[in-house]
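**Q** Protein chains in written order, with the working numbering: chain A, 398 to 861; chain B, 148 to 444.
To be clear, the hints were calculated from the coordinates, so they are not data collected in a lab. Virtual Cβ for every residue (Gly too), placed ideally from N, Cα, C.
Covered stretches of chain B, going by a simulated chain A footprint (3 or more residues, C-beta under 8 Å):
| hint | segment |
| --- | --- |
| 1 | 207-215 |
| 2 | 268-281 |
| 3 | 343-349 |
List of simulated lysine-lysine pairs, DSBU-like, C-alpha gap at most 30 Å:
| hint | chain 1 | residue 1 | chain 2 | residue 2 |
| --- | --- | --- | --- | --- |
| 4 | A | 492 | B | 359 |
| 5 | A | 524 | B | 227 |
| 6 | A | 485 | B | 227 |
| 7 | B | 151 | B | 293 |
| 8 | A | 586 | A | 601 |
| 9 | A | 565 | A | 652 |
| 10 | A | 856 | A | 826 |
From chain B, some residues computed to sit far from chain A (all C-beta separations above 12 Å):
| hint | residue |
| --- | --- |
| 11 | 150 |
| 12 | 151 |
| 13 | 289 |
| 14 | 294 |
| 15 | 381 |
| 16 | 440 |
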Amino acid sequence: MNIVKAFLVPGIPHPLLCPEKNAGWQALRDGFEALSQDLQDSGAELILLYSTMWPSVIGHQIQARPEPEWIHVDELFHDLGSIPYRFKIDADYAKTYKETATQRGLHARCVDYHGFPIDTGSVTALKLLTPNNEIPACIVSSNVYADRAETMVLGKAAIDAAVKSGKKIAVGAVMTLSNRLFTDFIDPKDDRIHSAKDEEWNQKLLQFIEEGRIEDLSQLSREIQRQIRVKKVVNFKPFWWLAAATGQSNAFTGKVHAYAPLYGTGGAVCSFTPTPDGVGTKEFDEDDVEVFRGDRNVLSQGQSQNDTTEEEPVAALKATADEAVRDPNVVKTSKAAAPVGAYPHARRVGDLLYLSGVGPRQAGTNAIPGGPIRDENGQALDYDVTAQTHAVVENIKQILEAAGSSLEKVVDVTAFLVDMDRDFEAYNKAYAELLGHIGPTRTTVEIRALPTPIAVEFKVVALP
Amino acid sequence: MSQKGAIVAGALAPHPPHLVYAENPPQNEPTAECGWEMLRWGYERMRKDLDQLDYDAIVVLSPHWQTYIGNHILGVPQFKSLSVDPIFPNLFRFHYEMDVDVELAEAIHSHAQADQLTTQMMRNPDFRVDYGTIVSCHLTNPQWDKPIVGISSCRATSYYSVEVMQNQARKLGEATRRAIEESGKRVVLLASNSLSHRHFVTEAEIPEDMSKEHIEHHGQYLWDMRIIEMMKKGKSTEILDIMPEFITQAISECDAGALTWMLSAMGLPDYPAEVYAYGTVIGTGNVVASWIPEAQP
Numbered sequence: 398m399n400i401v402k403a404f405l406v407p408g409i410p411h412p413l414l415c416p417e418k419n420a421g422w423q424a425l426r427d428g429f430e431a432l433s434q435d436l437q438d439s440g441a442e443l444i445l446l447y448s449t450m451w452p453s454v455i456g457h458q459i460q461a462r463p464e465p466e467w468i469h470v471d472e473l474f475h476d477l478g479s480i481p482y483r484f485k486i487d488a489d490y491a492k493t494y495k496e497t498a499t500q501r502g503l504h505a506r507c508v509d510y511h512g513f514p515i516d517t518g519s520v521t522a523l524k525l526l527t528p529n530n531e532i533p534a535c536i537v538s539s540n541v542y543a544d545r546a547e548t549m550v551l552g553k554a555a556i557d558a559a560v561k562s563g564k565k566i567a568v569g570a571v572m573t574l575s576n577r578l579f580t581d582f583i584d585p586k587d588d589r590i591h592s593a594k595d596e597e598w599n600q601k602l603l604q605f606i607e608e609g610r611i612e613d614l615s616q617l618s619r620e621i622q623r624q625i626r627v628k629k630v631v632n633f634k635p636f637w638w639l640a641a642a643t644g645q646s647n648a649f650t651g652k653v654h655a656y657a658p659l660y661g662t663g664g665a666v667c668s669f670t671p672t673p674d675g676v677g678t679k680e681f682d683e684d685d686v687e688v689f690r691g692d693r694n695v696l697s698q699g700q701s702q703n704d705t706t707e708e709e710p711v712a713a714l715k716a717t718a719d720e721a722v723r724d725p726n727v728v729k730t731s732k733a734a735a736p737v738g739a740y741p742h743a744r745r746v747g748d749l750l751y752l753s754g755v756g757p758r759q760a761g762t763n764a765i766p767g768g769p770i771r772d773e774n775g776q777a778l779d780y781d782v783t784a785q786t787h788a789v790v791e792n793i794k795q796i797l798e799a800a801g802s803s804l805e806k807v808v809d810v811t812a813f814l815v816d817m818d819r820d821f822e823a824y825n826k827a828y829a830e831l832l833g834h835i836g837p838t839r840t841t842v843e844i845r846a847l848p849t850p851i852a853v854e855f856k857v858v859a860l861p
Numbered sequence: 148m149s150q151k152g153a154i155v156a157g158a159l160a161p162h163p164p165h166l167v168y169a170e171n172p173p174q175n176e177p178t179a180e181c182g183w184e185m186l187r188w189g190y191e192r193m194r195k196d197l198d199q200l201d202y203d204a205i206v207v208l209s210p211h212w213q214t215y216i217g218n219h220i221l222g223v224p225q226f227k228s229l230s231v232d233p234i235f236p237n238l239f240r241f242h243y244e245m246d247v248d249v250e251l252a253e254a255i256h257s258h259a260q261a262d263q264l265t266t267q268m269m270r271n272p273d274f275r276v277d278y279g280t281i282v283s284c285h286l287t288n289p290q291w292d293k294p295i296v297g298i299s300s301c302r303a304t305s306y307y308s309v310e311v312m313q314n315q316a317r318k319l320g321e322a323t324r325r326a327i328e329e330s331g332k333r334v335v336l337l338a339s340n341s342l343s344h345r346h347f348v349t350e351a352e353i354p355e356d357m358s359k360e361h362i363e364h365h366g367q368y369l370w371d372m373r374i375i376e377m378m379k380k381g382k383s384t385e386i387l388d389i390m391p392e393f394i395t396q397a398i399s400e401c402d403a404g405a406l407t408w409m410l411s412a413m414g415l416p417d418y419p420a421e422v423y424a425y426g427t428v429i430g431t432g433n434v435v436a437s438w439i440p441e442a443q444p
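Make the full structure from the sequences, and use the hints.
**A** See below:
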């Protein structure tokens, strides 16, 4: 595992600039120092920050200047003083991260400019976590338009880059828990969490954190945002990114190094250490996402944003995903055709086995029994949907057996046809022969297209 | 000064860094072939009008100096530094030098505080002036021969309703007007914001490729035209009445309060604005316009 530690720290500068003015700010400062030692002990060779205080609009920006140097002043708390800095940035990792993000369909770019304004949160975090640049860093922005799918893919691209770099990485989010600042200046001694409701929710989050439940916090992200986060800021995205960047699991031990009010917000310095144990596997309430297919192409319709072909990034993704994922609940087999994206053939969740969409392509050759439905130029071809349906069911059988299950344990089928009028009758007849005696529930829908030139695909749920 | 001061012009002066990039001033490191001519030529026409006025200072409210606790005001006599746009660093890396009218800044601060508004002077000499302030000031006065008063945008918009924030901007405008009148100075106000503000989320390979430039959405365009028509008919009061709906529907950058502040400071002019240009920048709707009281019959 390349990710050796995860953490979250607040970006508001008081623990750095004036900890002596408030006991809670000093406690956070002490928490930063404890986490700093924790990171050094972990053997981390790189600190990767996702900063909620670095907004981006055009995709995702990654700091890639080897030694950025400036005297920073916070735009709000400028009266607290200036922050001179000179950081050590791992530019090679930054470039790799940009590449892996691009391969996963994201719009990303490195920034390597003298004077680029590194945000207060990142400056505060790096000054306190690696005061003498003991551990090189990299910083990625928080895109204001990116929602869950895009943010998760950005997190997964961080793992891809970690695997490619071969480095041990600590990933962290610069964020507060509740984020309601006071809207008037306060005397430092009067600092408190903005409201009782914010405090109650912060305590819930701290309990999850102490139990190492990163993925559960990711799943609760929207609810947390609704309850204790100011709208229009950046959503409660960091845990989407953090969970995706740490393998989407709850298999961590959590530690709260410090928690205190920071000008009304909930400041928390926390860390997560991977462990074989955990509170349980994830339960996805929403889709998992491997590749971003959003509206990042609006300016160049019909053209890829990447220089690579469609197949190249997918192959690269599969390679890195195979290396990164060691989850025993994931099912992959060489006896079925390779997936066309970065997803497994099947996944066990609780008492059920979920299969990814299965088509008729043959393992190893990708040949399509019954023939493809169109040629390389998109011209329609005649094909045999009966043969394709038989091949689909045979592939499902192979996947189920690889998972320790069998065709007889199928409980639900969703069938996708690209031409209902032409193919339903033959497909329906073949289905009856192959699965009718087993009797799973079934839904058949017509769709416009499938990723490969096939006419039929099944989505299956089975007992393990 | 014993003479009563005055706001001699107010301008809607949007701050896309693309416009400075396309101008190729010596202060900016990146260079462009061309781009966004309609807006740049509009700024040229506005400069000609402003050059006819005798004024002492520029007061600008920028959405890109974002403060969550009240409005802050630049209070250091001079700044000299490098401004790098955090969103478009490939386009804007601008070496700036500016003088600040600290006396006028403090007067605005005092009047705002007297009106129970939350304001703070920014006294840190290491502070980096935001790119919105720099772009609007450069395009309005590329000679940089007038002192600036820079006001931040209070982003408690995230806490309070649009209506509350707009009312605060109106009060800040009134305080600004009184401070200017007391100062005896002749001042130009800049509202540094676009109208509709939904960006594209990708950038053309050549940023100044105008074949890629258009409004992000037709609905945004319709809203922009509606607001511009009201400007041209002198309907400032109606603009402020409809402002909350405009901000919500068109994701307008007017949420920063700059236009509301300026119109309020000018006493809600009922004469037509001079509209010099409308154009889009990476999908956002931008208008360059001025209100000049002395030009009215």
